[in-house]
Structure formats: C-alpha cells, structure tokens
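**Q** Here's the letter readout for the chains.
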Amino acid sequence: MAEGTGRGEMLSIWFFVGVMTLAYGLVLFPYGAWEWFGGHEAATVLNRLHPTFWWGLMLTIFGLFYVLRFRPRRGDKFRA
Amino acid sequence: MNPQPVGLALVRASHQLTNLAPVDILILALYFGVVIFVGFYVKGSTNTSEEFFLAGREMTAWIAGLSFVSANLGSLELMGWAGSAYQYGILATHWYWIGAIPAMLFLGIVMMPFYYISKTHSVPGYLQLRFGEGARGLSAASFAGMTILMSGVNMYAMAVVMRTVLGWNMTVSIWVGAATVAVYVMLGGLRSAIINEVLQFVLIWAGAALIPILGLIEAGGWTNLKAQIAINVGSTQYTHMWSTLGNFKDNPMGVNWVGIVFGLGAIISMGYWTTDFLVVQRVLSANNLRAAKMAPVIGAAFKMAVPLIVILPGLLALGLITNGHPAYHLVPADIAKHTGQNSYDQVLPLMLIRYCGPGLLGLGITALVAGFMSGMAGNVSAFSTVWTYDLYGAYINKKAADKHYVFMGRLSTVVGMLISIATAYLVMNAASIMDYVQALFSFFIAPLFGTVILGMLWKRATNWGGFLGLLAGTASSIGMFIYTSTGSVEHKAHALARIALSPYAQPQAENIFRALWSWLICVTVTVVVSLVTKGKTDEELNGLVYGATVIPHDGATTLWQKPIFWAGVVSVVFIALNIIFF
Chain H
0 MAEGTGRGEM LSIWFFVGVM TLAYGLVLFP YGAWEWFGGH EAATVLNRLH
50 PTFWWGLMLT IFGLFYVLRF RPRRGDKFRA
Chain B
0 MNPQPVGLAL VRASHQLTNL APVDILILAL YFGVVIFVGF YVKGSTNTSE
50 EFFLAGREMT AWIAGLSFVS ANLGSLELMG WAGSAYQYGI LATHWYWIGA
100 IPAMLFLGIV MMPFYYISKT HSVPGYLQLR FGEGARGLSA ASFAGMTILM
150 SGVNMYAMAV VMRTVLGWNM TVSIWVGAAT VAVYVMLGGL RSAIINEVLQ
200 FVLIWAGAAL IPILGLIEAG GWTNLKAQIA INVGSTQYTH MWSTLGNFKD
250 NPMGVNWVGI VFGLGAIISM GYWTTDFLVV QRVLSANNLR AAKMAPVIGA
300 AFKMAVPLIV ILPGLLALGL ITNGHPAYHL VPADIAKHTG QNSYDQVLPL
350 MLIRYCGPGL LGLGITALVA GFMSGMAGNV SAFSTVWTYD LYGAYINKKA
400 ADKHYVFMGR LSTVVGMLIS IATAYLVMNA ASIMDYVQAL FSFFIAPLFG
450 TVILGMLWKR ATNWGGFLGL LAGTASSIGM FIYTSTGSVE HKAHALARIA
500 LSPYAQPQAE NIFRALWSWL ICVTVTVVVS LVTKGKTDEE LNGLVYGATV
550 IPHDGATTLW QKPIFWAGVV SVVFIALNII FF
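Those sequence lines, one after another, are chains H and B. Note that numbering that gives the first Met the number 0 numbers the first sequence so that position 77 is 76, with each residue one more than the last. Note that numbering that gives the first Met the number 0 numbers the second sequence so that position 235 is 234, with each residue one more than the last.
It is worth saying that the hints were derived from the structure and are not from the lab. Note that the structure is predicted; figures quoted are calculated from it, not measured. We put the beta carbon where it would ideally sit given N, CA and C, even for glycine. Hints should not be assumed to be uniformly reliable.
Derived CB-CB ranges, DEER-like [stated by the list, open to error]: (1) B:Asn46 <-> H:Gly38: 52 to 58 angstroms; (2) H:Arg70 <-> B:Phe31: 19 to 25 angstroms; (3) B:Ser242 <-> H:Trp33: 46 to 52 angstroms; (4) H:Leu63 <-> B:His337: 49 to 55 angstroms; (5) H:Met57 <-> B:His337: 42 to 48 angstroms; (6) H:Pro71 <-> B:Asn46: 19 to 25 angstroms; (7) B:Phe564 <-> H:Gly38: 49 to 55 angstroms; (8) H:Leu56 <-> B:Tyr503: 49 to 55 angstroms; (9) B:Gly554 <-> H:Gly38: 56 to 62 angstroms; (10) H:Ala32 <-> B:His403: 53 to 59 angstroms; (11) B:Ile35 <-> H:Gly38: 36 to 42 angstroms; (12) B:Ile35 <-> H:Leu63: 21 to 27 angstroms.
Some chain B residues well away from chain H (every beta-carbon gap over 10 angstroms; in silico) [unchecked claim]: (13) Gly136; (14) Asn168; (15) Ala226; (16) Trp241; (17) Gly323; (18) Pro331; (19) Leu439; (20) Trp463; (21) His490; (22) Val528.
So here's chain B without its partners, still in its complex pose (with noise of 0.2 angstroms):
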C-alpha cells in the first residue's frame, strides 16, 4: 500500500532545477495527443451507466491488473516513496512488498469472489447489501469527500514539482492538468482512465528505469552501492529490510517488526488495497470471476518490482560518491523552506537529470505528470461512481433513467475537477492542509476494513454491529490523531509514545499503530453489537458472505489458469526477496 508517507511536504524552492528542450516539449506534447485521443475514441462505448461507471465489466485480466496497480503509482507517492529511501533507507521497501503483495493476494482470492458475485458497484454498495443503508451513507460520504480533496493534492503537487523542476507557472499546470483529465474522464468514464492508466504504466517504466540501470553502473553493483551508503551514513541499518527492526531505536525510521507486521501489514495495506474503491474499482470492470481473481495477482506481480524505480533511486543518492564526497545532501522539507537546499522530495528529478539529457528528460518529467494526471483521473472517476451510485442515486434521485446517471456522472466528474481546482488554490495558500488531507485517508482505511472483513467472514455480523463499529473506529482514529499532533512538543511526544507504546517511536510508526488500534477498535465494537442485535438469514446473506454462498467456479481448467496458483508463485519469489534483503 502506499498513501504517501508521514512528513510529505512538497517545497517550493526559489531555484528550478533545469529547463526543457524543444524535444522535450514534443514528448510531453504527443502524451498530451494521445490521451485526448483516447477520451474521444472511447466516448462511443460509454452509453450505458455500465460502461460508463465500470467500464461495460469487460477488461481481461491483464488490464484490470495493469490498471490496479498503476491507479496506486501516482507521482505524489512515487516522488515521496523515492524520498523516504533517501531518508529511511530500504525499510521503505515494506511499503511496496509487505505492505502491499499479502494484501492484494487476498484480494484476489478471498474477497474479490464477493464483490464480483454480488455484482456491486461499488465498496459502499457493498456495504449497503450487508450492512444497510446506515454503513453505505458513512463510507459514501467520507470516500466521496477525501477522493475530491486528494484529487485536489494531487493537483497541486503537479503544479509545484512544475515549478520546481522547470520552473513552470503554477496556475497554468493546474489547468492544463485538470481541463485535460475532466475532458477524458468525462469522454470515457472509467473506461477512459483505465486505458490512460495502462498507458501510465508502460510510461513510467520507460521513462523511470534508466535510473536505477545507469545509477547500478555509476555505484559499481548493489554490493559497492550498499558499503558506499554505509561509508557515507556510518550505519549499515539502512541496507537490512528486517535484521534492525527487533527495536525501535534499532532503525532510521523507528518502528518495530510487529508495527510493520501487523500495522502496516495486515492492516493499513489491507484497508487500503480490500477496501479503497479507487482501486477495487479496477477489479469490478473485469470480464469474468476469474480476470477477477487474476488481476490483483498481476498487479501484485509487478508492485513487487516497483522499489527498482523508486526505492533504488533513493538509496543511490544516498551512496553515490563525487570527488570523495556524498553526490548529495537533502533535507528534510522544513529546512530546504529556509536553507534553499534541496528536499528529500526531489530525490526522483534530481536523479533524473543526472543521467537523462534532453529527450530522456522529457521522457521522465512525462511520466510524471502522466502520474499526476492519473492520480486525478482514478480518483476523480471513483469520485464520480459514488457519488452517482451511492449518494445521489441512494438518498436523492433514486428512480431516475439509466440515461440520468450516465449524465450525472458526467456532470460530477466536471463538478469533482472544480471542486478539486479549488482545493489545489486553498491548499497553496496553506500548505499545512495539505499534510491533513494525506491523514484523512487514514481514519477511514483501516477500520473500513474491519467492517468489510467481518462482513465477508462472519455471518452473525448485523446491520447496526457494522455501522456503530464502522463509526467507532473511525472516531477513535481521528481522536488518536488529534491527540497525536496538537499541543506542545513535549505533548506530542509523550502522545507518540503512548500511541506506538515505545519513546524511541518516531511519526511513522504513529500511523501504523493508529491504524491497528482502530482496526481493533471498530472489530470489538461490531462483534460485540452484534452478538446483542439481531442477525441476518442465511437466504439474506447468499453472495456476500462465507458461509451462506456458494462460489461458483472460475471457469479455470488447467493449473495454468487457476488465479490461486500463480498467487503461490507471486508469495514464493515475495518471500524470497524478503530473505534476500533481510
């Protein structure tokens, strides 16, 4: 999973880093075509709100899972991942492999028969047909509203690394940016974005991967790399994924193994990657159940490579040597405001203009903001699919024509664009917003998954056990939050330690224990309400728990096919690189 990391706070530096050459410009240019292009193309196949919401449920495996893993591969991440290697080392890398693979292997397996099945729209949907309306009305309301506001982030984290990098006008990439994703999302609906993410995908692969190519080269191999950063760190802690994670003093980022473990990894990226509908959503479009069950397995085959374009550029800013010298020092984001050095941040366009000259450079900077833009559209587009569905469908206009919805959702994704614009001005004349936008995502993610696991799981779950447990872990995730970052320095120490049950926790670890506390807390609440309420029939509850449903086959009939097996394959090399990099 990876919602950015604590702590990440684009700067705008009084410097840009380098200019564009005209073969640049025709670079970023004929990206610019092509995706308009696809708006227009697909425009004729988005009729229906099927094809329009979840794109007529007719990508093949290969695509959905393609358009899986890249809805999470947005620049804001890519750019801020790359900066906490440079900051933490390679335990950023849980965030990609532990953080990330189990989750979406259960996904595949274990869930997504219950989402296909119960041929849903939507993550609230879902919820509507196990827990009633009270449980699909909070996690609609709250999804629609964080999805806008990070759509808006998004937005501006575009505009500043525009700036920064080529020094760019603000306003005019926000516009250029938002007018080119509410075009083709409004165009193509989900469709649209799919085939812009698939393009995203194969785009930051060509423009990212020379890096760690020329970077491995430069350092003389992993093996030199690794005694290089431990020369210029005076640690080898920042090379060891587990070996120093049995203390929280023991690492750079001060966390312990059972805060990733259990944390981040049965958790947070549990939350994230079961239950965030921007990414489910890709899924749902698949064509059969078992393009449904494969394409979480696709993606997490290639989230498993993804540390080489983004972790390794970090950990070679950190070793690579100039004249005897570290080639860089960054900062932390509050200090380069001042200083007008660099940030960890720019870990990614600093490592791109070492090795990319004119053409290759316009090749990277497309591929992020190809990143950016996809950022917008996947959200947007979830945006408008909720709200749709489980806003104005469900409470305002429930009896309307297909026709109505198809244009409601294209009027919201207009609607979504603006209301996103203006979060991207509010947010550049307070910044600060921006870190309380990225923290919302995280009151929602994880005690969502507990209501969606025992909905799934255990059949006595009942309608208000969901809502109030939904309702107490979400409280109890913003309180803890609350209570984390206000009052004096010495406070919010003191809170940290409490939270993450260590002194030596540092604010990463406060959003891992966080998470897992309000996972408990939302599980406790609804097991015990509803072993005090009055649960559902087995009739009720055929398709969307186990239990009271019978799967039906995948239609797979050699070992080749069959999702469960090449998700053995995914966890057997997924364990091998976690002992490798022990």
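Isolated chain H, as found in the complex (with noise of 0.2 angstroms):
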C-alpha cells in the first residue's frame, strides 16, 4: 500500500526517499570515483579517505533498497 500519499495513489512516500537517495548516490559514488581515481581530489581535511565515493555508494545502496522495496506494484491502487 502506498503509504502517506493518499489513499488510491501508487507511490509511497518511502519510495520517495529512496528514488531521492538513489538518484544522490548515482551522482556522488562515479563523481567520488572520479575524484579518486583520477586524482582530482578536492582539497579537504582526510580527503585521502575518499570521502565522497564511500558516502555515494552508501546512498546507493540504501536508496536502491527503499527503491526496490516500496517499488509500487501492479494492483496497489486497488488495494490503497
């Protein structure tokens, strides 16, 4: 069911939080590699432990969670 939408809508506002999440660890997880790899690693206190790739790929995984787990499903609005 989608939770706190509203009754009859698909999404859920958990669902929500994950696409956001996901969508900021898609862009900080390549852009951390980047900076590692590449060696364009910004000028920051302990920059040497790549701070920006680990977050983005914790984000990912977490909104990848919430994404798959409150994906909606075919016949949710019937049952909101």
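Take the two lone chains, each set in its own frame, and fit them into one complex as the hints suggest.
**A** What follows is the structure, encoded as structure tokens:
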C-alpha cells in the first residue's frame, strides 16, 4: 500500500525517500570515483579517505533498497 | 525542545565562505525537482478539509513520528545550536535530551489520547472544547501571528546563510524559497508538508552525518577530543552535562540544575512539544490511536541522536587543533559584525567546508536549504489550519461548505507566505526584530502548557479559570521580558539576577526562569479562579479530561505493539546517555 501519499495513490512516501537517495548516490558515487582514481580529490581535510566515493556508494545501496522494497506493484492502487 | 538559542543573530559576513561546483548545483536542483513533484502528485488526495489540513488522518506512526521530529529540525535551529555547542560546550545537549525526550514521551503516552479522541483539528480547537471561545481565540490569534512571523524569520535566515556561505543574492533566495514552499503546501496541504519533512529528515542525516564521523577520526576519538577541548579552552567544564550545574558560576552557560530540570525540562520543553500546534499537528495526522501514541515515541528515539550532527560539530570546532593551535576562533555575532571574523552560528557551514568537497558540499547545502524550507512549510501549514478552523471558521464564516474551507486553506497559504516575505524584508532592514520575533514564542508556550495540562488533568478547571490563567501567564511573561531587556546595562543585569535568582545568571537562564514563573502564575490564577467559578459536568468533559473519560483501548495486543513499552526503552537509553556524559 502507498503509505503517506493518500488513498488511491501508487507511490509510497518511502519510495520517494529511495528515489531521492538513489539519485544522490548515483551522482556522488561516480563523481567520487572520478576524484579518487583520476587524482582530482578536493583539498579537504581527510580527503585521503575518499568520503565522496564511500558516501555515494552507501547512498546508492540505501536508495536502491528502498526503491526496490517500496516500488509500486500492480494492484497497489486498488488495495490502497 | 529547541526554539532558537538566546543570542542567535545571523551575521552577514563581508566575504563568502565557499562556491558551489556544477555537481553541487545538480544535487540542489534534484531536491527542488522532487519537492515540486510531490506537491503536484498529492494534490489529487487533498480535496476535503480533513485531507488538506490533517493529511486525511491516515499517516502511519513512522511517518507521523519522523515528521514530528523533523518539523523541529529546521536549519535555523541546527546552525544556532551548533553555535551554542561551540559557545557553551556539551551543555547545549540538554535542549535535545532533557529539553525534549520526557516531553515527547509525555505527549505520546498521557496527552495524545485526549487530543486524538476529542477529534480536534488543532490545539486552539481543544481549548475551545475544554475552556470555551475565550481561551481558543487568545491562543489561535497569538499562534497564527507568531507562526507567520517565524516563517519570515526562517526565510530571512536562509537568505543570510546562502549569502554568507555562497554569496547568493538575498532577494533571489527569499523569493525562490517562498515560491517553492507556497506551491507545494498550497497544492498538497499538510500531506505535502509531511512528505517533504520526512525527505528532509533523511537529507539532513545524509548531508550532515559525515561531519561527526570525519571529525572524530581527525580528533582521534571522543576521549582525545575531550582532552583537546580542555587544552584549547583551559577548562573541563565544556564536556560535562550535569557535574557543573551545581552553581550558576561553575558552567559556561550560567545556569543551574534547577533551571535545567524544572524550567527547561518540566516547563519550556513540555510547553513546546505538547502544545505548539506546529509539532502536534503532525501527530494528529496519525491513522489510529496507537499510531498517535507511538509517533512521539518514535520521534523521541530519533531526537536523542540529533546531537551527533548538531552538538558534536560545535564541540569538534572547539577541540580541533591545526599546527599546534586551535583550528577555529569564532566570536559572538555582534563582534563578528565589526571584525569580519566568523561567528558562532557559522560553525556548521565551516565544518561542512572542512570535510566536504564538491558533491558532498552540495548535499550538505541542500540539507540546509531543505531544513529552511521545511521550517517555512511547517509554519505556514500550521498557520493556514489555525487561521481557517479557529479564526475564519470560528468567527468570520461559520457555516461555509467544506470545499470553501479547503479554498480558504490554499488561499491563506499563499497570503501567509506573502506576509512571511514582508517579514523577511522587515527583518533585513532591522535585524533586531529577529530577536524579538524569536522571543515572542516564549511568551505563549509556557502559560499555554499550564492551561492545557490543567484542562486535561483537572476536572474542576473552568472556562474563566483557563482563559484568565492563560492571559495572566502570557502578560507576566511579556512583562518579565520587558523588565529584563530594556533600560541601562546595570538595570538589565540586576533584572536578570532577580528573575533567575542569582547574580551569576546569564541570558539563557533568563529564558528558562521566565518560563518557570509565567507557568506558575498561569497555574495559580487558573486554580484560584476555577475554585470560585462554576465548573462543567462530567458529561460535558467526556473525551477531554482524565477522570471523566473512558480512554479506548489502542489496539495493541503484544508487548512489542505497546507504546508504553517503547517509551520505557527510550527512557532507559535517555537515562543511560545522561549518566555517560554526566
């Protein structure tokens, strides 16, 4: 059932959470990879830990889980 | 609880702190795209007044709980309390723990059943059912006015932060932020605001959690950080929550344990979390009684973790060392204004810039923008509800069709945003107004808690008692504020010492003790007047007061489903945390 967005809607609020974090992960993860492996790391403190890469990867996994877990399924509109 | 800390005054620095890269702009644009889409997406589910103002009362405990805690997690507060942590040390955590957790649990377990089963649409609406029109009118008018002014302050603060951090034009920030919020709240009402608050909650953690993680790595762990803070400030007072509260002069905040426990924990936070309609409205959207009781408990569990992203960055700025010297030397806002140094309030953006390069910086800035916009949306959605139900519907047009009230809700959202914009420009031209607007909330919150709690727990409280108690408490709070904030410097110091009962008290103590006195005055007047006026019968009080109400079972069948069990778990963690950081 589509939690939070209203009776009769198909997209759950958690699906939006997943889409947003996945989108951010998909921006940050490759950008962090480009920084790390291309030698373009920003001049920040502890940049040797490559935070953009790892944070982007974590957001991608988190977002992907929520998108898949709460993706709209056939029949949701009628159950909601 | 966390109305803004005393002394929060954003500074318009002469230099910007950083620039956004294209990848940061992309992240910011994605956020704007999602929130506008949400507004249009849920518009079809906001056709009745119940749907527009209370999200159809169909939110689960998790959604209502996250929205409840997120409505209070605005950027103005995040930046202000991070600055307070730099200024006062770990004592600022009291505003997140004892100043929030007991009140949130009390709301869920004790008060929510009455708000929920009375089917009220608002806190002023409950006052009308319990104490009649006088108390409702006073509370609704003050709340509507204050809420919309606060939305304007949020708007101004966002514009200042964007200008200070990124060099953005303030007018563009104000109008883009206001237009976006107006569109999504006007279209989707409370439902839209709640969805965006949940998104904002996730975003704030995604954008800010790296600061404490990387900060602790740089500092070499919590123990090392404490040692470095002690070296940098020359005192161990900054990393203890309770052991320095025996006397006003033993801690950097100039408060004592009486003020923290009774003023902050028992009055200010109870007032804010249980009677401020901005947060209570989120819980009223719950889909059943058990969800309504669980939502504040879930909110409390998350609230306990917020110091990680607010207080810890302030402490890190206090303790980090660069080339053998303290990494930061921040100053009060009034000094920063003249010297061009960075002020306390800038600690969060400074820490963000320290650890976050392109991409992550955009995420952090987006989290701040989301926090500001969510603050505006929360204020304006609560304003439109109270205006439509408790002012327009109660005194101007009592018998309109439901559709008309939905139209009025949408219209008042737009008008509310326009008033907020006007307030933002007013504050831009006279920054001291911001301090007064922030103080206005404190006038009403403590006395209102006195009125509501007596109304719920004491059958004998009467209409006149409730109204006159609220009036006396509010008037006394305003009187004390004028007494302590006008006149010569000597007079102010003398007044503060009288209100807070100590010559060593500092401004934060004034806020706490003023709340305590105004609550006591409200309760005393309510009790005295009630005893000499005619009360209501048990039948009239059914569903509104303990002792006259049979509270329905919340439907929990197992221990895991019981809100009281989870409130117990949260309480144990809360006590353990206070002992660990004693």
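**Q** Each hint: holds or not?
**A** Hints and how they fare:
1. B:Asn46 <-> H:Gly38: 52 to 58 angstroms: holds (56 angstroms)
2. H:Arg70 <-> B:Phe31: 19 to 25 angstroms: Roughly 24 angstroms apart at Cβ, these two residues keep to the hinted range, so it holds.
3. B:Ser242 <-> H:Trp33: 46 to 52 angstroms: holds (49 angstroms)
4. H:Leu63 <-> B:His337: 49 to 55 angstroms: Distance hint for Leu63 (chain H), His337 (chain B) holds at roughly 51 angstroms.
5. H:Met57 <-> B:His337: 42 to 48 angstroms: holds (43 angstroms)
6. H:Pro71 <-> B:Asn46: 19 to 25 angstroms: Once the Cβ atoms are compared, 22 angstroms apart, the range 19 to 25 angstroms for Asn46 (chain B) and Pro71 (chain H) holds.
7. B:Phe564 <-> H:Gly38: 49 to 55 angstroms: Check passed, 54 angstroms falls within 49 to 55 angstroms.
8. H:Leu56 <-> B:Tyr503: 49 to 55 angstroms: holds (51 angstroms)
9. B:Gly554 <-> H:Gly38: 56 to 62 angstroms: The hinted range 56 to 62 angstroms holds for Gly554 (chain B) and Gly38 (chain H), with Cβ atoms some 59 angstroms apart.
10. H:Ala32 <-> B:His403: 53 to 59 angstroms: holds (56 angstroms)
11. B:Ile35 <-> H:Gly38: 36 to 42 angstroms: holds (38 angstroms)
12. B:Ile35 <-> H:Leu63: 21 to 27 angstroms: Cβ of Ile35 (chain B) to Cβ of Leu63 (chain H): about 24 angstroms, so the range 21 to 27 angstroms holds.
13. Gly136: holds (33 angstroms)
14. Asn168: holds (26 angstroms)
15. Ala226: Check passes; 19 angstroms lies beyond 10 angstroms.
16. Trp241: holds (33 angstroms)
17. Gly323: Holds: least Cβ distance 16 angstroms, greater than 10 angstroms.
18. Pro331: Answer for Pro331 (chain B): holds, closest chain H Cβ roughly 26 angstroms.
19. Leu439: holds (32 angstroms)
20. Trp463: Nearest chain H Cβ is 42 angstroms from Trp463 (chain B), so the label holds.
21. His490: holds (47 angstroms)
22. Val528: Given that every Cβ of chain H is farther than 10 angstroms from that of Val528 (chain B), nearest at about 44 angstroms, it holds.
Against the hints set out earlier in the document, no violation occurs for any number.
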